[in-house]
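One line per chain: the protein sequences are A and B, in this order. Residue 1 is where the first sequence starts when you use our numbering, and the numbers rise one by one after that. Residue 72 is where the second sequence starts when you use our numbering, and the numbers rise one by one after that.
No lab work stands behind these hints: they were computed from the structure. One or more of the hints may lead you astray.
[To be verified] 30 Å max Cα-Cα, derived BS3-like pairs, lysine-lysine:
(1) 214/B / 182/B
(2) 3/A / 292/B
(3) 3/A / 277/B
(4) 159/B / 141/B
(5) 159/B / 236/B
(6) 103/B / 130/B
[Unchecked claim] Cβ pair distances, simulated, as ranges:
(7) 30/A / 277/B: 32 to 40 Å
(8) 160/B / 53/A: 43 to 51 Å
(9) 235/B / 33/A: 20 to 28 Å
(10) 30/A / 234/B: 22 to 30 Å
(11) 18/A / 256/B: 44 to 52 Å
[What the hints assert, rightly or not] Which residues of chain B face chain A? A partial, calculated answer using Cβ under 7 Å:
(12) 83
(13) 84
(14) 176
(15) 200
(16) 201
(17) 202
(18) 206
(19) 226
(20) 287
Ideal Cβ positions, reconstructed from N, Cα and C, are used throughout, including at glycine.
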Amino acid sequence: MAKFICGCNETDVTTFDGRAISDARNGLRQALNISDDMRVLLNSNEISDMQTVVRADDEIEWVKQGGVKGN
Amino acid sequence: MIGKIVVIGLGGIGSFLALVLCRYLNFTQHCKKVILVDGDRYGRENFVRQNISALEETKNKAEAQAVYLKSLFNTLTIVPIPEFVTEKNVVEVIGEKSVVFLAVDNHATRKIVSERCQRLQDVVLVSGGNEISDGNIQVYIKKNGRSRNPPIERFHPEIAQPRDKNPAELSCEELARLSGSEQIIFTNLTAACLMLNAFYTIVAEKPVRYAEVYFDIERNKALPRQR
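For reference, chain B alone in the conformation it holds in the complex:
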């Protein structure tokens, strides 16, 4: 049983993921509460690949998406948290029986979220990330205190010992530089779709036979991996 759904990061991956996810939830009975978490604001450089109106420039991403999605899906309770996830707020953001979609752009936040999920008894974490034309998603499921697969940082030292910073620790100038990093809308969309595929498998109560999926849009290939 799902307590709440949390989408962390409402940019390239998260904005498309949230749209499709909310459409699905609106017409099914799995869960009617969605929490959107992001401390960033939409800038002009985002509109080439992020699912939001250009009229929302300078608006906080979580708040802008909450208004947009509420206008489309009236059976859902959509709550924005206009903050970056940090050690200080992660306990409040992610509770027992959460399904967490992690669509951020830094490993520091991935580590914080993963460590929080490991301390819970029942949680699902679906994390996605990409480079220009490839990327991966990871799935971590814990039920009744037992995890079916290792934490996302287990074989990924870049997450276990992140070299990047949590965006809450960055200056405005550093944040502005990050938002211009080159990405492609199709890569973001592919990551979002693979994350939602994992979610569907879970709510359909089918076994998730992988812990990680690598993908490459240039070769139109996705390769699931057990861990």
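So that you can see chain A by itself, here it is in the shape it has in the complex:
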């Protein structure tokens, strides 16, 4: 099953095996708190084609924006 990550949120599901990353984004948007402007990494490599098909052993990360505050 593929692994999907966004910030601290992560899940392993088979639901999107064989489907496009855009489908995974739409399906996991709420659960992982994904926004459309996030960069996408497939197995640590950035991709731009959201029609890329998810394979069972893939790791897909939507890179959450960094925290701004701290001072």
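We have chain A already, so just place chain B on it with the hints.
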């Protein structure tokens, strides 16, 4: 070998980070020179979550922390720079063989510091930031001209093209508005701890197996990520 340690930002994250860092350095032989950099002043709204006495209200943060930390740790040379980091002074602030802890509250400064570090041959940059109950830290290590991981803005367009301003460009009124932004002391402290964990791994000469760590204090979770 560490030339000097630079802590940029002495607020919610930086004030706790500097305290623990200086305690560690005081009793070890890694580095005895610490530079504290901040152009801001302590205000009453800071004392709920920043590690400094209320007696230091209106004092510059870097200068107040330098006095405080020198009183605790007598083997260290602690030098305050009471300025915001800008394009004009970043070369003077960050030199070769610096270990830089970046604990600021704006991406504009993060970008300036990151770009400066990329131009050096040997440098460590540990950057932290948070929102109310979550945040992240990032690590950038360059040794002998080779970087082990990408710059902190590589997958973060909010840092590469910051929408906020460097505080040196803000008016006093704009600065005052910023200092009231809601934060939680436990979130700041968690960011500081994760940044120090990365520092420990580096000085212990163990491999740093991540470039970024996301954390969430409500779920008590931290997730390291390679880049």
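*How does the Cβ-Cβ distance of residue 18/A and residue 256/B compare with 44 to 52 Å: does it lie in that range?*
47 Å, holds
*Does residue 201/B pass the interface check with chain A, least Cβ-Cβ distance below 7 Å?*
4 Å, holds
*Under 7 Å, Cβ to Cβ, is where residue 83/B needs to be relative to chain A, so tell me if that hint holds or is violated.*
6 Å, holds
_Straight-line alpha-carbon gap residue 103/B to residue 130/B, limit 30 Å_ = 25 Å, holds
*Assess, step by step, whether the Cα of residue 3/A is no farther than 30 Å from the Cα of residue 277/B, and give holds or violated.*
At roughly 28 Å apart (the allowed maximum being 30 Å), residue 277/B and residue 3/A satisfy the hint.
*Is the hint on residue 200/B kept, meaning its closest Cβ partner in chain A is under 7 Å away?*
3 Å, holds
*Starting from the range 43 to 51 Å, see whether the pair residue 160/B and residue 53/A falls in it by beta-carbon distance.*
50 Å, holds
*Could you grab the alpha-carbon distance between residue 159/B and residue 141/B and see if it respects the 30 Å cut-off?*
28 Å, holds
*Hinted pair residue 159/B and residue 236/B, Cα distance within 30 Å*: 15 Å, holds
_Hint check, residue 202/B versus chain A [nearest Cβ-Cβ separation less than 7 Å]_ = 5 Å, holds
*Does 20 to 28 Å hold as the CB distance between residue 235/B and residue 33/A, or does it fail?*
22 Å, holds
*Going by Cβ atoms only, is residue 84/B closer than 7 Å to chain A?*
With a closest approach of 4 Å, the residue 84/B hint holds.
Hint compliance for this structure: every hint is met.
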